[in-house]
Amino acid sequence: MTTLSDTWFDLFELSGLLNPIALLIGAYLGWRADHPKKLWIAAFAAAALSLILEAVAGLVHVPLPISQDAGALAMFPFRFVGGLAASGLAYWVNGKRKKA
Numbered sequence: 451m452t453t454l455s456d457t458w459f460d461l462f463e464l465s466g467l468l469n470p471i472a473l474l475i476g477a478y479l480g481w482r483a484d485h486p487k488k489l490w491i492a493a494f495a496a497a498a499l500s501l502i503l504e505a506v507a508g509l510v511h512v513p514l515p516i517s518q519d520a521g522a523l524a525m526f527p528f529r530f531v532g533g534l535a536a537s538g539l540a541y542w543v544n545g546k547r548k549k550a
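To convert, count from 1 in the sequence shown and add 450; that's my numbering.
Read the hints as simulated data drawn from the structure, not as lab findings. Hints may contain errors.
Said to hold, decoys possible - Derived DEER-like restraints, expressed as beta-carbon distance ranges: (1) A505 <-> Y478: 18 to 24 Å; (2) G521 <-> R547: 35 to 41 Å; (3) A522 <-> A550: 38 to 44 Å; (4) V506 <-> T457: 19 to 25 Å; (5) K546 <-> V506: 31 to 37 Å; (6) L503 <-> E463: 35 to 41 Å; (7) H485 <-> P515: 33 to 39 Å; (8) L474 <-> A524: 19 to 25 Å; (9) V512 <-> D456: 20 to 26 Å.
Fair warning: this is a prediction, and the values are worked out from it, not measured in the lab. No residue lacks a Cβ here, since even glycine has one placed at the ideal position from N, Cα and C.
Build out the structure end to end from the sequences listed, making use of the hints.
Printed below as a string of structure tokens:
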């Protein structure tokens with residue numbers, strides 16, 4: 451098998467790695483972080499909170515613009531990595547801004 455299934459494409463796109471909610475939470479927490487070790491906490495919070503917000507939206511029947519084929523356990527590590535990248539970038543930009 452040389453091709454990826456649709457589930458893998460979802461995990462590498464908006465449902466997983468590039469989830470806008472996880473990226474926004476990660477960027478905000480990375481901007482507010484005062485030490486690089488806190489970026490791991492920011493990434494975990496971004497992944498967990500984005501999944502919680504989607505679950506709450508599903509419970510109140512709010513239509514989600516992002517279709518999901520994978521479950522929460524499959525999406526968590528991808529959102530963690532996306533949140534870590536966003537928080538690291540925001541932390542780096544904030545550090546450069548403070549030095550200037």
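Using the Cβ atoms, figure out if L503 sits within 35 to 41 Å of E463. For E463 against L503, whose Cβ atoms are near 18 Å apart, the range 35 to 41 Å is violated.
Assessment of proposed distance window 33 to 39 Å (beta carbons of H485, P515): holds, 35 Å
Outcome for the supplied range 18 to 24 Å, where the beta carbon pair is A505 and Y478: holds, 20 Å
So the hint says 19 to 25 Å: do the beta-carbon atoms of V506 and T457 match that? holds, 23 Å
Between A522 and A550, does the C-beta distance stay in 38 to 44 Å? holds, 41 Å
Cβ distance range 19 to 25 Å for L474 and A524, holds or violated: holds, 21 Å
Measuring from beta carbon to beta carbon, are G521 and R547 in 35 to 41 Å? holds, 39 Å
Holds or violated: the 20 to 26 Å window for the beta-carbon distance between V512 and D456? Check passed, 24 Å falls within 20 to 26 Å.
Taking the beta carbons of K546 and V506, is their distance inside 31 to 37 Å? holds, 36 Å
Of the numbered hints stated above, the single one contradicted by the structure is hint 6.
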